[in-house]
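Full structure from sequences and hints, please.
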Amino acid sequence: MKTKILISIIVSLVASAVCAQYVCYSLKRIWGDGSTHCAFTSLVEHKGRYYCAFREGFSHIFNEKGEADGKIHIISSSDGDKWETETVLSRTGYDLRDPKLSVTPKGELMVLMGCSLYKGGKLESTSTLVSFSKNGKKFSIPKPVNISSSASQNFAWLWRVTWHKGTGYGVAYFKAGDQNKLELLATKNGTEYEVMKTFDISGYPNETTVRFDADDRMFLFVRRESGNRSAMLLSSSAPYTDWKQKELGFFCGGPDAYVFLDGGVLLGGREIHIPSRPKTMIYAGTADGNFQEMLMLPSFDDNSYPSFLKVGGEMWITYYSGHETVKPSVFLAKVPLSLFNMIRK
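Numbering (this note's numbering), first residue to last: 13 to 357.
Because the hints were derived from the structure by calculation, they are not lab data.
Heads up, a few of these hints could be off.
[Claimed, not checked] Label pairs and their calculated CB-CB ranges:
| id | residue 1 | residue 2 | range |
| --- | --- | --- | --- |
| 1 | Arg241 | Gln304 | 17 to 25 Å |
| 2 | Thr298 | Gly105 | 43 to 51 Å |
| 3 | Asp93 | Trp255 | 36 to 44 Å |
| 4 | Thr210 | Asn240 | 19 to 27 Å |
| 5 | Asp190 | Thr298 | 28 to 36 Å |
| 6 | Met208 | Arg289 | 36 to 44 Å |
| 7 | Glu79 | Pro348 | 40 to 48 Å |
| 8 | Thr253 | Gln304 | 28 to 36 Å |
| 9 | His335 | Pro156 | 30 to 38 Å |
| 10 | Thr210 | Lys177 | 21 to 29 Å |
| 11 | Met354 | Asp190 | 26 to 34 Å |
[Stated by the list, open to error] Pairs of lysine-lysine, BS3-like flavour, derived with a Cα cap of 25 Å:
| id | residue 1 | residue 2 |
| --- | --- | --- |
| 12 | Lys146 | Lys118 |
| 13 | Lys187 | Lys256 |
| 14 | Lys187 | Lys146 |
| 15 | Lys59 | Lys322 |
| 16 | Lys346 | Lys322 |
Since we're looking at a predicted model, the values are computed, not measured.
For glycine and all other residues, C-beta sits at the position ideal for the given N, C-alpha and C.
Here it is, written out as structure tokens:
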């Protein structure tokens with residue numbers, strides 16, 4: 013079902029004046045009927061088609077037998093309205109989750125995914141797998157990535173890779189004592205990675221998205237899980253050795269970000285103002301880390317993990333939510349860029 017949603021946006025223009033405007037955007041459930049748990053989305057364009065990847069399973073982790081057996085479901089569309097299955101990736105005895113799509117410099121569609129082994133309901137190991145496709149239909153068997161000189165001891169999770177000028181960058185996180193550590197990685201082929209830098213950040217940092225601006229400045233949008241749980245923004249200019257850090261002042265689970273050419277930034281993820289009622293929130297801000305809430309997408313129960321893709325005059329946002337079905341489904345919001353431009357002014 014496709015719906016149109018009208019939003020009233022209040023934008024502060026000066027201290028004593030506001031402007032109220034209405035913006036209409038479309039929202040459609042593109043996959044899921046409540047029979048399976050669909051979550052953790054990723055959206056890209058490849059050779060004229062749109063691809064969305066997500067985890068599909070019985071629940072957030074375990075099935076009715078207490079086994080974790082999530083699969084990676086990849087669907088595609090020519091217009092964002094009608095979607096069809098391209099492949100389902102699985103690994104017997106393992107839980108695959110959090111797929112992240114990207115397009116390599118060779119023009120291949122690449123999907124990165126976490127691979128977890130549980131025994132008796134306890135996590136035994138975590139690794140990262142990668143699969144490639146030349147045509148978006150036939151994907152290679154997922155194989156482990158290799159991280160040279162990593163200190164992770166087989167528990168590293170490389171959460172997302174962003175390609176920039178022929179090199180892929182990503183951040184792996186792993187447990188070190190009673191905290192997590194982050195490793196900034198670089199790759200030329202999506203399979204072999206070198207450690208560029210290790211970050212020792214408090215607050216149990218984990219899921220991290222890498223983005224770049226027009227001046228090649230690198231940004232790391234980091235989820236943190238303890239302490240004040242504030243998301244963190246790290247930034248550095250090439251050669252990416254001197255880093256600035258800033259707490260954003262709000263929790264952001266499963267973060268994705270889009271950096272505009274003028275330096276404006278969109279950030280999206282799970283917000284927990286009411287811990288028992290998480291929502292999918294989109295923030296508008298700047299590269300110096302000043303953000304404001306812009307748009308709360310319809311969301312309920314287990315939800316969020318948005319993915320951004322700029323398509324013409326719209327920002328397409330996939331995410332998952334349980335507001336329409338018994339178990340979460342995948343949704344696509346097509347939001348006019350005029351909304352973001354209005355907020356950012």
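Outcome of the hint check:
1. Arg241 x Gln304: 17 to 25 Å: holds, 19 Å
2. Thr298 x Gly105: 43 to 51 Å: holds, 46 Å
3. Asp93 x Trp255: 36 to 44 Å: Check passed, 42 Å falls within 36 to 44 Å.
4. Thr210 x Asn240: 19 to 27 Å: Given about 23 Å between the Cβ atoms, the range holds.
5. Asp190 x Thr298: 28 to 36 Å: For Thr298 against Asp190, whose Cβ atoms are near 34 Å apart, the range 28 to 36 Å holds.
6. Met208 x Arg289: 36 to 44 Å: Given range 36 to 44 Å: holds, Cβ gap about 39 Å.
7. Glu79 x Pro348: 40 to 48 Å: Given about 44 Å between the Cβ atoms, the range holds.
8. Thr253 x Gln304: 28 to 36 Å: For Thr253 and Gln304 the Cβ distance comes to about 31 Å; the hint holds.
9. His335 x Pro156: 30 to 38 Å: Given range 30 to 38 Å: holds, Cβ gap about 36 Å.
10. Thr210 x Lys177: 21 to 29 Å: Roughly 23 Å apart at Cβ, these two residues keep to the hinted range, so it holds.
11. Met354 x Asp190: 26 to 34 Å: violated, 44 Å
12. Lys146 x Lys118: holds, 9 Å
13. Lys187 x Lys256: holds, 23 Å
14. Lys187 x Lys146: Violated: Lys187 and Lys146 sit about 35 Å apart, past 25 Å.
15. Lys59 x Lys322: Holds, because 15 Å separates the two Cα atoms, which is no more than 25 Å.
16. Lys346 x Lys322: holds, 9 Å
Of the hints listed earlier, those the structure fails to meet are numbers 11, 14, in rising order.
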